[in-house]
Amino acid sequence: MAPRTLASVTVGDELPTRTVHIERASLVQYAGASLDRNPIHWDERFARAVGLPDVIAHGMFTMGAGATVVGDWAGDAGRVVDYGTRFTKPVVVPHDSGADVVFAGVVKKVDADAGLVTVELRATCGDDKVLGRALAVVHLR
Amino acid sequence: MPVNADFVGREYPPTAPYAVGSAKIREFAEAVGSSDPVHLDREAAVAAGYRDVIAPPTFAVLIAQQCDAQLMLDPEAGIDYSRVVHGEQRFTHHRPLTAGDDVVGVLHVDGVRAAGGHAMVTTRTELSVDGEAVCTATSTLVIRGEDA
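One line per chain: the protein sequences are D and V, in this order.
Quick note: the first sequence, position 132, residue 132 per the working numbering, numbers continuous.
Quick note: the second sequence, position 29, residue 29 per the working numbering, numbers continuous.
Misleading hints may appear alongside valid ones.
[Said to hold, decoys possible] Reference listing, derived: stretches of chain D covered by chain V, where coverage requires no fewer than 3 residues with Cβ under 8 Å from a Cβ of chain V:
| # | region |
| --- | --- |
| 1 | 28-40 |
| 2 | 68-77 |
[Unchecked claim] Simulated restraints, written as ranges between beta carbons of each label pair:
| # | chain 1 | residue 1 | chain 2 | residue 2 | range |
| --- | --- | --- | --- | --- | --- |
| 3 | V | PRO75 | D | ALA2 | 45 to 55 Å |
| 4 | V | PRO14 | D | PRO94 | 41 to 51 Å |
| 5 | V | VAL8 | D | THR10 | 36 to 46 Å |
| 6 | V | ASP130 | D | THR10 | 38 to 48 Å |
| 7 | V | ARG144 | D | ALA2 | 38 to 48 Å |
| 8 | D | VAL50 | V | GLU76 | 23 to 33 Å |
It is worth saying that the hints were derived from the structure and are not from the lab.
Backbone N, C-alpha and C fix where the C-beta goes; we use that ideal spot for every residue, glycine too.
I would like the entire structure built from these sequences, with the hints used as guidance.
Structure, rendered in structure tokens:
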């Protein structure tokens, strides 16, 4: 898979949308992989005891899934040189239904001289925008 | 208990090196739904110009959160870890973390402020390999107030 070329990218280009289905098992897998074992991400009883509506996804899980969307668009995840976001709303993950996060993105800026493309990522769960000001800078040639 | 504002500007000693391994990279990539061969296949990574498989863009959080723990668990900081929520996160990569890297992190406390009954703490972890800067990870952590 060759990386996307700088010449093929224009401001306003949309990234393909992707729906990521999250189950409790996804969060246990992420907890193990990331070493973030906070029980609010897998223990419903604990989550409710600290005032949450239910188990919530790691913000970093959602951010990480967003990085995958951008990396796949770039054609090489190593091209993502800068990536930041705010965590605006938690993604609640009920036991039975799980949750769906829908990712979309748009090219906001192309710096042809530096080879840097800025992508704004949108992540929504139901009506909630779960990432705020999510910007990734991708280095393309 | 409020967060101790005297911690602004504090720099912690370098952490013990974290050895980035290909198995952990694979495990992390799978957990964030990535099948990009640069994470999974050494030959593909080398063909793409890397020394070995590279870590996904947010993998550095694994090391940065271990660095943050130095502050979270410092009794003088006054942080109730059970009330901590992740507010913001950013990674600036100078090059991708790569299997075989021994990564050292230095934690800096860049800000402590109060906002709407909560405390906000901004940390910056500078990650390096053999003295070469590889990544800057900044986090804003929100410590929820007692009434919030």
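**OP:** State the violated hints by number, sorted upward, taking the hints as numbered earlier in the document.
**Re:** Those not satisfied: there are none.
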